[in-house]
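J.: Take a look at the letters that make up each chain.
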Amino acid sequence: MTLFLALRNLFRNKRRTMLTLTAITTGIMALVLFDGFVRYTLWGLQESTIRNGLGHLQLATAEEYFTTGNFDPFSYLFTDPEEITKKLKVLPEVREVIPQVTFSATLAGAEKSGIVMVQAVPAELSHSLLSFRNIIDGRDFTAADRYRVILARGVAEKIGARVGDTLTMMAVTRNGGLNAADLEVIGIASLGLRELDNIQVYLDLPTAMDFLDITSVPLLIAVLEKTEYTGEVQRAITQRFKPQLDQALVVKAWEELADYYRQVQEFYRSLLRIVRFIIMLVVIFTIVNTMTMAVLERTREIGTLRAIGTQKTGIIGLFLAEGFWIGFFGGVSGILMGLAGASFINTVLGGIYIPPPPGMAEGYQAFFEPAFATVWQNLLLATAVSVLASIYPALKGVKMKIAEALRYL
Amino acid sequence: MILVTLQDVYKDYIMAKTRVPVLKGVNLQLAAGEMACLMGPSGSGKTTVLNIIGGIDFADRGRVSVYNQDLQAMGDKQLSAFRNKTLGFIFQYFNLIPVLTAFENIEYPLVLQRVGKKERRRRVEAMLEAVGLSAVKNHRPDELSGGQRQRVAIGRALITRPKLVIADEPTGNLDHRTGKAIMELMKEMNEKEKTTFIFATHDPMVSSYTRRVLHLLDGAIVKEEKA
Ligand SMILES: Nc1ncnc2c1ncn2[C@@H]1O[C@H](COP(=O)(O)OP(=O)(O)OP(=O)(O)O)[C@@H](O)[C@H]1O
Ligand SMILES: [Mg+2]
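Chains as they are written, first to last, in the working numbering: chain A, 1 to 409; chain B, 410 to 636.
Wrong hints could be hidden among the right ones.
As the list claims (entries may be wrong) - Cross-link-like lysine-lysine pairs, in silico, PhoX-like; alpha carbons within 20 Å at most:
| id | chain 1 | residue 1 | chain 2 | residue 2 |
| --- | --- | --- | --- | --- |
| 1 | A | Lys312 | B | Lys494 |
| 2 | B | Lys486 | A | Lys396 |
| 3 | B | Lys494 | B | Lys603 |
| 4 | A | Lys401 | A | Lys312 |
| 5 | A | Lys226 | A | Lys252 |
| 6 | A | Lys396 | A | Lys312 |
| 7 | A | Lys312 | A | Lys399 |
| 8 | B | Lys589 | B | Lys601 |
| 9 | A | Lys312 | B | Lys596 |
| 10 | A | Lys401 | B | Lys486 |
| 11 | A | Lys86 | A | Lys252 |
| 12 | A | Lys399 | B | Lys486 |
| 13 | B | Lys572 | B | Lys601 |
| 14 | B | Lys546 | B | Lys527 |
| 15 | B | Lys635 | B | Lys603 |
| 16 | A | Lys401 | B | Lys426 |
| 17 | A | Lys242 | A | Lys86 |
| 18 | A | Lys242 | A | Lys252 |
Unchecked claim - These stretches of chain A come out as covered by chain B in the derived footprint (C-beta under 8 Å, 3 or more residues):
| id | region |
| --- | --- |
| 19 | 39 to 53 |
| 20 | 295 to 308 |
| 21 | 396 to 404 |
The hints are simulated quantities; they were obtained by calculation from the structure and are not laboratory data.
No residue lacks a Cβ here, since even glycine has one placed at the ideal position from N, Cα and C.
Just chain B, same shape as in the assembly (with noise of 0.2 Å):
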């Protein structure tokens, strides 16, 4: 099953009065269960085509399909929504929520979700055991090391058992081993749960987990290599 599609997507910024382009035609498709990643050199608008993946960001043209849904036709309301129970974000720089615990940051798309308080923490204390943090769901962001914040991050977006986790340099902010044990962690979730991913990356560690590697070059893949 195909999971996302982008069709001749592109993308123009304005800057200081000129039009520059950014996303030049891209076409890609992830099926679901996938793991991809996108390579390029800095610049090369990586970050670009994972938001319009992830509906936070829109194309100028082209076509953009995520689980059967148009998000260039979709309104705010909805694709806030749709952000929340279909999609899963995990960042560079974590962005917890500083005054959430732990425990709280993992649960807060269920909230959106509406949840019942009980079944929220059944679930949420499940995750907390599958990313290792049991012992400091009580501790806000600031008490945490770096690993153990992108292993909050991961149980906030597959929490709500997404159909595509977005991961925008998950390793950016990691040393070598944390970063693979990040990488082991989302490796054991996408084989468990199925659930798909597409991480953009500067790290050839990262690439090395996934199957397909997409090169952007410019506005557009260049080459695919798949293992």
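Chain A on its own, in the form it takes in the complex (with noise of 0.2 Å):
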């Protein structure tokens, strides 16, 4: 009864209503589309951040490695990689197990040098763990290559090189010399992280293990099927294969590795908290207003209620229902907007350029993927606080002493 006697209420001031689920509608749609540009943003970063080298998994030695390995990787080298890449391979979510070396090196062109990164995968098995690297000069490996190197485009700038030049690389060996080569550059690439692209150079596998004079590696890079895998693989991988190892495993999860992605995440997620929360102040003021105004219109008729033996709880529930009501109106076509909306930008117009963003390399074109549960949630939320936002209106209508409430005219 309260719930049917608040719906019809919402259709006696039909402007007023109109308005104030208008307010509402464009508040969660903006939240929605926010989000889904949020969603498709931060899933961008995680899946260039994972596919430009990092992997979802990676397996070492030590928990130490992750921290000084690049300067020392010779103390972390596995006893049996090959024993731990059958075991992982077994699994039908790990796609590619992938042995890396990466250390700290000089590399010296013509009249500059500077201070690199060196990643060392094996040729064949660089598409799946580099498949966002963009070559955009030269060429990539091919499993016969040695000796040759691809350079990031900032490193290739800072140095002055060129496909077809030849560098010098000095680094530590694994018997604490130092080692000189002459590599050849056959490429240069655009990695979209500008952290990346200032720093790092590809080598295959084997030049480098020939170069740091090592038979072992110190890191082993599983990539999945999918990203939603990693915790699952991450948990089968310490509870089940680690107890099997007689050698010493540390696994970590992409997540852990990637600093920029985490700050970005946080950035977003604070991003998001405040400019819902400033979308839910103007609902609540829409909202107090419009229920402000309706319970003083109706002050004769509340008086009326009252009199004719209505508890002060039944008045407060009618507005609360009312409140109820508006909220989730206002989010049902809200929601549908919004993914109207975000539809629309991502098939008519193809998403919506953005430049690059603090930290990248590139702008990119943003699409809107609003996911189902943060969907939901703001229909929860807009509901909620309409609901919420309609109780101190509820309270002043309720408050009213019934004689007085009957002679306002």
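Can you join these two chains into the complex? Each is in its own frame, and there are hints to help.
T.: The structure is reproduced here in structure tokens:
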């Protein structure tokens, strides 16, 4: 009865109800779109982080490898990387297990030199790990390439190198001595992430192992069929495989290693919270205003309802129910508009161009991909907030003395 | 049986920071089944007396007893339930709920009492018949004439078979003929159901339907006529 009466009351002042609904609809639509944008952007960053050489899971022999390993990879070599690789590849979620060496080196060109981070993986496996790497000049490795190098764009600019140039690499090897080798530049790559673009170079794994004089690797990278499997596979490794091994093993998920991703994620989440907060303030203000007007308009009616025996809680319930309906309808229409807007932008406009965000090397085409769960959250939020915002006007309505409310014309 | 007792009832209103005495010792008794009428000039306190009897306004001093209940001592919750079960209200401006149909307006007090749907339907249909509104039961108040609206209000007041109906200027917004028809209807209900009525009015036509007329002047009953 209360819900039913409140629903009818909604249609009493159609213009006001429409205005209120429009405000809530607009707010929720904005939230849905913004949420969709953030999700797409974070997803893009996640995939480019993973497919720029991080992989989904990284396996090493010790925790410290992940902090100091690049300066001293030799202390952390696996005794039998093959054993682990074989075990992991049995899992259907695992697409590839890639042995990797990274080390810092000095790279010298004709005039300039610089410190670089060398990442070396087998050429035939590099595609699945580095699928976001975009060769903008020259070519990628073939399995036969030895002592050849691919430079990230920023590195090439820094030391003034071009495809076909020969550079000298210097680094400390396993026995502590300094080794030097000549490398032919065969390609220049764009990585998308500025922090990588300025420091990364690529070798094939046999060359790196030969140069460093090692026969094993300090790191195994698992690339999975889907990013969602990360947690599952990580658990499988630590709980099932690790006890069976007689070598040490530490597993890290990409998220733990991607500091930049986590910062961006935190940034967007805060932004989303702020936007949500502001929109909810607007909704609260609108509802309080609308409901206060409704209460005032219906003063005599409230008096009548009370006189014929309606309890105070009944009156409060009536206005809360009205708030519920406004929030619910506003939320539903906001979500529908948001989803419609998202699919319009995605399909008709083909996304919206976003200039490079801080830390990114390139702009991108943003799509809006609202998630089911957050869409429902927004509906819940709109409804809850508008019910809560109705409390104050409802209490005001019920506080009036009945005899005075009845005299009100 | 005595249904209503007001004994030395006093009431002041605060207006612009000064106390204005409105009721200065009202004494009144109503017997069950009676029809009585309060008359007096505007501002003499008729509405205030009715409100106090109806448990929607409160005396500053004195005893107010309705159907053996001390209204001054009841809490809001109890009092609301009391009004719903024991009293019926009829107002000068009809005060129907605009979003409800004639049927639903009459039904409303029964919903508050949690009467079952079937039982409600039966009683409301019978009441619509009694007040002559069966043909317009699905109309909303703004689609009804003044006389029809007041009939809905009478139906709403009587649907719970109250002990006492309080009607403040029930004909105040009706033309003479329609007002008379409304009074006929209430008289009929009084005779059939033995429902007690108390009116406040300026209209001699209304008082002509009641056996007792109480004259209120300056917050006290100064004269009583009995036919
Ligand atoms: N809530 C209030 N606050 C202040 N004064 C009030 C209030 N309610 C009533 N009064 C005053 O009390 C006096 C009596 O009012 P009441 O409505 O009982 O008179 P009445 O006899 O019903 O008048 P009418 O014939 O005009 O309806 C009036 O002077 C009125 O102004
Ligand atoms: Mg009056």
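J.: Next step is simple, just say for each hint if it's right about the structure.
T.: Do the hints match the structure? See the list:
no.	hint	verdict
1	A:Lys312 / B:Lys494	holds (16 Å)
2	B:Lys486 / A:Lys396	holds (18 Å)
3	B:Lys494 / B:Lys603	holds (16 Å)
4	A:Lys401 / A:Lys312	holds (11 Å)
5	A:Lys226 / A:Lys252	holds (16 Å)
6	A:Lys396 / A:Lys312	holds (11 Å)
7	A:Lys312 / A:Lys399	holds (9 Å)
8	B:Lys589 / B:Lys601	holds (18 Å)
9	A:Lys312 / B:Lys596	violated (33 Å)
10	A:Lys401 / B:Lys486	holds (14 Å)
11	A:Lys86 / A:Lys252	holds (19 Å)
12	A:Lys399 / B:Lys486	holds (14 Å)
13	B:Lys572 / B:Lys601	holds (13 Å)
14	B:Lys546 / B:Lys527	holds (17 Å)
15	B:Lys635 / B:Lys603	holds (19 Å)
16	A:Lys401 / B:Lys426	holds (18 Å)
17	A:Lys242 / A:Lys86	holds (13 Å)
18	A:Lys242 / A:Lys252	holds (13 Å)
19	39 to 53	violated (count 0)
20	295 to 308	holds (count 8)
21	396 to 404	holds (count 3)
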